[in-house]
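Trainee: Here is what each chain is made of, one letter per residue.
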Amino acid sequence: MKFSDIKKSAEDEWHALQQGNVPLIVIGAATCGRSAGALGVKKTFEEEFQNRGIQAEIVEVGCLGPCYAEPLVNIIKPGGPNILYKNVTGKIAVELVENYIVNDNPLPEYALGTLGDSKVDGIPVLMETPFFKSQARELFRNSGFIDPTNINHYIANGGYSGLAKALEMEPAKVVEEIKASGLRGRGGGGFPTGMKWEFCFNAPGDEKYVICNADEGDPGAFMDRSLLESDPHALIEGMTIAGYTIGAGKGYIYCRAEYPLAVKRLRNAIAQSKEKGFLGENILGGKFNFDLEVFLGAGAFVCGEETALIASIEGGRGMPRHRPPFPAQSGLRGKPTLLNNVKTYSYVPKIINRGADWFAGIGTEKSKGTAVFALTGKVTNCGLIEVPMGISLREIIYDIGGGVSDGGEFKAVQTGGPSGGCLPASHLDTPIDYDSLRAAGSIMGSGGMVVMDQGTCMVDVARYFLDFTQKETCGECVPCRLGTKQMLNILEEITEGKGKPEDVDQLVEMGEAIKKASLCGLGQTAPNPVLTTIRYFREEYDAHIQNRSCPALLCKELISFRIIPEKCTGCMICARACPTDAITGEKKQVHVIDQSKCIRCGVCLEKCPKNFLAVECIAGQLSEGEQ
Amino acid sequence: MTNSIAEIGDASVIMAVGTNTTSGHPIIGQQVRAAKRKGSKLIVVNPKEIDLARTADHFLRLKPGTDVTLLMGMARVILDEGLYDKSFIEQRCEGFDAFVGSLAAFDLDSVEKVTGVPKDAIAAAARCYASGQPASILYCMGVTQHVQGTDNVLAVSNLAMLTGNIGKPSSGVNPLRGQNNVQGACDMGCLPNVYPGYQPVALEEVRAKFESAWGAKLTDSPGLTHTEIFDSMFSGSIKALYLVGENPYISEANSSHATEAMEKVEFMVVQDIFLTESARYADVVLPAASFAEKDGTFTNTERRVQRVRRAIEPVGDSRADWQIVCEIARRMNAKGFDFSSPEEIMREIASVTPSYGGITFKRLEYGGLQWPCPTEDHPGTPILHTERFPTDTGKGKFKPLAYRKSAEEPDEQYPLILTTDRSLYHFHGTMTRRVYGLNILEKEEMLRINPEDAVQFGLKDKGKVRVTSRHGTVETKVLITDKCPRGMVSMTFHFAETPTNIMTCSELDPVAKTPTTKVCTVRVESV
Amino acid sequence: MKEKINLTINGRSVTAEKGMNVLEASLRNNIYIPHLCFHAELQPAGACRLCMVELDGQRTTIACKTPVEEGMVVRTESPEISETRKVALELLVADHDTDCLNCVQNTKCALQRVADHVGMNLKRLQRLKFREEKLPVDDSNPFFTFNPNRCVLCGICVRTCSEVQGAEAIDFTNRGSEAIVAGFGAKPRIESNCESCGECVVRCPVGALTEKDYERPTHQVRTVCSFCGCGCGLFLGVRDNRIVSAKGDINSRASQGRLCVKGRFGFRFVNHPERLTSPLIKKDGEFVEASWDEALDLIVEKFSRFKGDQFAAISSAKCTNEDNYLTQKFTRAVMGTNNIDHCARL
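Protein chains in written order, with numbering that gives the first Met the number 0: chain L, 0 to 626; chain H, 0 to 526; chain C, 0 to 345.
Pair by pair, the computed Cβ-Cβ distance ranges are:
hint	chain 1	residue 1	chain 2	residue 2	range
1	L	Glu556	C	Pro78	37 to 43 Å
2	C	Pro135	L	Ala438	44 to 50 Å
3	C	Arg58	L	Met0	50 to 56 Å
4	C	Pro78	L	Cys616	45 to 51 Å
5	C	Lys1	L	Asn281	45 to 51 Å
6	L	Glu10	H	Lys112	54 to 60 Å
7	H	Glu364	C	Thr217	19 to 25 Å
8	C	Asp296	H	Ser339	19 to 25 Å
Non-contacting residues of chain C with respect to chain H, defined by C-beta distances greater than 10 Å in every case (computed):
hint	residue
9	Arg11
10	Glu69
11	Val72
12	Lys107
13	Val117
14	Leu121
Derived from the structure by calculation, the hints contain no laboratory data.
The model shown is predicted, which means the values in this text are computed figures rather than measured ones.
Don't be surprised by glycine CBs; every beta carbon is placed ideally from N, CA and C.
Please model the complete structure; the sequences and the hints are all you need to start from.
Mentor: Right, dumping it as structure tokens:
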């Protein structure tokens, strides 16, 4: 079949679904939606329709982004508006069927917004709500709208047109196009993608490989998972274009086994793609052959490093090797190998389809296109967002994210996961682009963004990330294996109140050495969280070390609980609750905490009746007798 | 070997037939693995899934004793597909037409039936062997210890000549010789039909040469081979045996026969470094010095003559074998045994052995020399047959071959084929059984058997089993492993307490007189 | 002849061969660059990060992974390199069992060499936390011991096992500072497919892999192994007229320095207490010790009676060419028979 015919029939199917004569229920059922209960909601809808004898279509789609509002359900009545409902439960589902599907009350109180041109009284237009307004959803255009298990939905929305177009171009022309777009690697490094493709294109050899790094391992990052679950064909199409361009016949998607739904959807998509002739032999009737395989990673963080990932596919232990040679010259099985991130490949079909200029028109001079973040932490609206490059941190956190949650005070934002850094309020106006973030001491990373409030101890944050990298280093090179352990040890001592005045200098000295001497990216960036917190929050380290005090009231050894004599009524509730009998005092007499017995569990603070609030937690250590 | 060990690493195809190289010849095994890592193709022909099979490109798991059929089948594919080296055959070989004629019987369907190897696998391996130049064939006892042993070797040679893989670097037909100096013992004429350098005892002019060199009258009738000697001791025609450094009790096929023969012989001298099981039958035992206590030379499997040097004084009152022989000869008033050093002996060897003609201890100081090395200025010969073959016409002779059955075939009474092999951790046993650590690594005999056979015969892993052949019976332990194919069991023969060879078949290859220890039918019973 | 490359190391003009890396070129020219994980026979790993050098006055990289180029200017020391090396060395030492006097590798240890070159500063070192608990020693192999407390994780043993021996029995296991080298699934070596060749023991640059019951020989004698037909070159180590060690001969054309388990560790049969030390004559079914004269006279007397085809000799493929030559000569010329054979077919 010709591509135009395939496209035509896919479009027919899509329009029939969108403009059908029965209600269409679209449920966000990526992993995020599922863990919020999407499948139960789906079942409720099915049961309701069955019980009432209502004809309706129910479709599972991927993720639209606003995690705080999951599960999300989109209802389109024939001829009616397209309304997105938030935090849908079984109970709400029943109400929606009763009130909206059967009768005609759209229940605006449950709605998040309307989609498309629809306008309904009392419901905002979704794309004009703060969470979506500043976003530029290009990569995630299909996410939450199309059924990721149905290739026709993808095709009907422009899918595989990029491949069809690319196959009519000279490979060198495709390279030119990618170069002209200014696309940079979305895995975090930000290396110009077009240059990488050009290296592989120029590398001699009949046997070449295309690999996608889908080993998303940063704590709190889920951009790739979301994209794979919501729009898997974009990656397949991008990789196939890459295979055509550099002259590879085989591609691997290295995906972590902890992403079972993504793997299932990828495998399903690969099978569908083969069936349609977009993969396999003689793609779209031409001479190009390309096959794709999903390779499951076993959950080692270091396998996100490209050379370790290659070693893992080769069947060895995932250990990085020194570069050069770069994979573009000598990668998988010693052959030229193109290795990009999920998002990088997924941009490619769009760039080919809409042209390099379109992509280059988004973003800043040196960082083109959009950036995707998993916005989490102490932020009101957490979720997956896609913004144009160049937008400031402040806009993301305050406009899209709705500011610090629970009325808290902003303290820091961490980007780039364990390899990134923590930036303070003074850097909130830093524009989001590779170079500005790097200059500030952090990195773009693959897209994790964690907002922290005043209750976050920055020394503890550094300790947390270092504990992660220390446990995940492969153990091959000396600085990373042993240096991170020593640094972690120092940080642990500081948070335990055993810090020494020279500790900070030693952390800096070792951190710099580890960055310089480590073999791979993991070690070269592992000290970043420590170095940036020292750079921007030095006073917190000093408080820990010199004053034996944790300003965030988090490090147990560096805080104290005391009873405010003026407020204590001697009710004995705290004394009875204290597990170590550290609180003494007769009934109706002011109680006192014996600091030598106190284990700072906080039970007294918790138990003190709200009308007294006589217990307080303070930074620092109280000496005995000090009250 | 026609070629050298160091060349193996550069072969683009290696075919290992009937050799568990990484166990029997570990250093050559390393070379094979290294070649494989560098990108060479590897073909393994073996009934057992040996370690090399793990990484082999083609693993042909044939039924024991069907090597000729398999190799002829491969030759047939090479011929049919025109993959043979026409000019090599024309210029260097003869007998091609008769050979081609004999291939008619080896169509792949019948080859598959006889060997049990799928025909596609045979064809693929044949193409692999024929299309990668240079290709080297390694083989060992798995080829020779059969009643068809000679045919097997000829089949290997046919294959090499057919593809022009002989006389060139990293190619060739490479038998891996077992003992450290088995090559040398052959070269030195410790064979009943030839003098040193493979000069036939039956040839008048040769005999005359040795008579004059040794100053003695020599007999023209060829002597008896190893197995025949034991037969004659058994029958009584041989009355005295001088047994130097060997332990037939564990190493001889159908060894209980050999043991009885040793009991019967009238006078037996054993010369060894330990009181072996066989030495117990001796009348006189002479303590020999070990390799660490004497000077001399060994010739390895690649025909490299190398210096052995004395590192310590002989232990106790032991003496070097050459000294003992000289002493006996001198006491028998023989002339020509007044040697004061191995170097002097080598001078005499060189004078009567053309292939060793250029070998002197002095030259060996700078490293080994590969024979033929006829003169003192000859650099030695790493590769044989580069220009001509050592035949009357100088041409390589193709040999037409036919399939012959093994002497014993499984039947109801003896349903399994027993094949013997060697462990990495032991040599025959006399030496290695006396190294503590080696006996930790491999401490006892184990009957290796396929899991399905184990179920069929009611054997449990690590359980005791009685193994019985037509010739004898032993008890041992069971090791269940799918490395053994169905219908075949294997045992080593390093353990005197489990003398495997009392079971093996004494049927000989008619030409080489090699016993057929690789195929002997047995039954197994749990005890 | 390989193409020559000219480069400058620490201001000295030196030549190297094309294909060499900067570390090899430097060592070849007697310029020491600290290193632990490099071994000339193995692919460089770039793991220890000690061989940092400065190239062309600009970028810093590691020497073992940098091929030499014509006109290259290398500096092996700079304040930045020294500082980084110091940190790496201190990290290693803090993680290492420093009971050097009780280590077989004392004075030959690569870590000691690095420490000697880089220089240790006790005050700096004491800022680090030393490893407190000792890791369990893998004593499972009868011939050698692996002591992870003396291991620097250079990976030479891992690469040896895969590149030299091809057994692939050991690899890194566990992550982070818990990483050690072990058999598959962190199992002891005896349970892996280790072939006990000892090639890893030979190459271990520190005292992590050591031969059991090791005695340092007083001198070594170059000879040939007596087990199989490979004919590997061997140095037998001697002490008090006993064989105490065996080492591969790198100049052997047959074996290029390699040995298998039997060749390397199987020499102890030589001085085994069961060695025959005196002639024995069977009297009334029992062996009794006899003098050489007594034994030889008896043999001469008997052999003289069985000349011709009543006699047979079986010689030994374990014996030297000279031994074998004389045995067949004796059989043919003195005993008058061609009944001479050996175990060639077994």
